[in-house]
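2 protein chains.
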Amino acid sequence: MRICYVVAMVAEAKPFIERYGIQLVEDFFSPLPCQLYEGEVNGATLNVVLNGQQQGSDLIGCEAASVATLSAIQRLHPDIVVNSGTCGAFKKNGADIAQVFIGSGVMFHDRRVPGDNTWGTQSLGNYPVWEGSQELAKALGMKTGKVTTGSSLDMQPCDLEIIEKNGGELKDMEGAAVGFVCSLFNVPILYVKSVTDLCDSGAETFEEFSRNLHQACEALKVANEKVIDYLINDPKL
Amino acid sequence: MRICYVVAMVAEAKPFIERYGIQLVEDFFSPLPCQLYEGEVNGATLNVVLNGQQQGSDLIGCEAASVATLSAIQRLHPDIVVNSGTCGAFKKNGADIAQVFIGSGVMFHDRRVPGDNTWGTQSLGNYPVWEGSQELAKALGMKTGKVTTGSSLDMQPCDLEIIEKNGGELKDMEGAAVGFVCSLFNVPILYVKSVTDLCDSGAETFEEFSRNLHQACEALKVANEKVIDYLINDPKL
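Heads up: the protein sequence lines correspond to chains B and W, in order. In short: position in the first sequence from 1, add 1459, done, that's this note's numbering. In short: position in the second sequence from 1, add 1459, done, that's this note's numbering.
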């Protein structure tokens, strides 16, 4: 079995790359900036694909996530893709900093195009998530929430309106792009998201994100250990 | 020489696919929905890569454009990528419906992330365009403008603020994603954009876009004939 994590930032992946001692496979995706880490965990192959860097910073956002996911699927043929990272969430939904959620669905909240059942529907995305996601969350005692993706760290009124109308709960910057590419190949996608900031806390997002990043990524590592154990032993995969 | 057009919608590509009589290469990108058309023009290979469809509509937006561009470059190794399609423009800059522009630069206007020289700069994009773009525009008597890309058909105040601050002129939904992927491979990218709607006309965008789509795409065909002739004879390629 091959489990492939797709992760945007080094900070998000590092604690659990170190935990498993998986190794960088140099230039695997060259000339693309994406980086591959690979190792073995209880007989399964564990891959972590990072977006890599451009202009001196870790590549974030939907275009880089599309490139990384497409490259990962085409080159590695994983049984499941796991998009793991940080997100914003809502106090009003009972979310806390460094709480880790499993995605129950995935949508875009910043692709505003008119047309029910045409471009409007396509732009929202609402791609399928791995059918075992709810069962995994239940078994591991984790909450679920719908991932909602946009290309910005902030949240404008037009974003919030779409998030509320479509039940978005876990606000990230890559999830739906990863889900879109997985949908093209019918590859199962599982979301594991750790909360760095509360969108309705009134705090400045970037400051809150930066302050909580380390704690949220440590929580992500602990959650991913359980997730990997579960996936390796899941007969559905 | 191989010239590869990356185009989102069938409506944008059809007039000029028919003009050159280039043929669909079935299942070339399978299982991806992207479609390849290929033919020969005066000794050069002309490719048109369409995003294809999902959920019953032509795939639009930055994720589909990322997938199509990555696939096109990896499989076809073009000497130049041309992103040709429709755009919004501004009356105040002197733009008219069905006027065709050459891109002088390219940026995103809906990836709001803080950080000068870090994520903020990366998120704006500002990827290089083909070095011969200005010269081509001058030779063909076409105006130039900076392409500015977002995932929505509408324009929110936060979008306009970024567009004005960074000199965006031709508002589209794919250009910067195509430019991002080209930048990863150092493949030259040329933009040819035809105006369907005026962002500052006060008209409803989707209605204006739909009304002018046919006329703008016919103008695009005429412009692309000149562009292709120019590229085939350009010693820099």
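Think of the hints as simulated: they come from the structure by calculation, not from any bench. Don't take every hint at face value.
Note that identical chains are pooled: a pair holds if it fits in a single copy or bridges any two copies.
To be verified - Here are the computed lysine to any residue pairs in the SDA-like style, where the Cα-Cα straight-line distance is at most 20 Å: (1) K1602 / L1535; (2) K1551 / V1500; (3) K1624 / K1680; (4) K1602 / E1684; (5) K1695 / H1536.
- Under a CA distance limit of 20 Å, which applies to K1624 and K1680: within one copy, between copies, both, or neither? neither (32 Å within a copy, 40 Å between copies)
- Message: I want to check one pair: K1551 and V1500. Are their C-alpha atoms no more than 20 Å apart within a copy, between two copies, both, or neither?
- Response: neither (38 Å within a copy, 61 Å between copies)
- Message: Cα distance capped at 20 Å. Does K1602 pair with E1684 within a copy, between copies, both, or neither?
- Response: within (16 Å within a copy, 56 Å between copies)
- Query: When no copy is named, should K1602 and L1535 be tagged within, between, both, or neither for a Cα gap of at most 20 Å?
  - Reply: neither (30 Å within a copy, 45 Å between copies)
- When no copy is named, should K1695 and H1536 be tagged within, between, both, or neither for a Cα gap of at most 20 Å? The answer is within: 17 Å in one copy meets 20 Å, while 39 Å across copies does not.
Consistency with the previously given hints fails for numbers 1, 2 and 3, ordered from lowest to highest.
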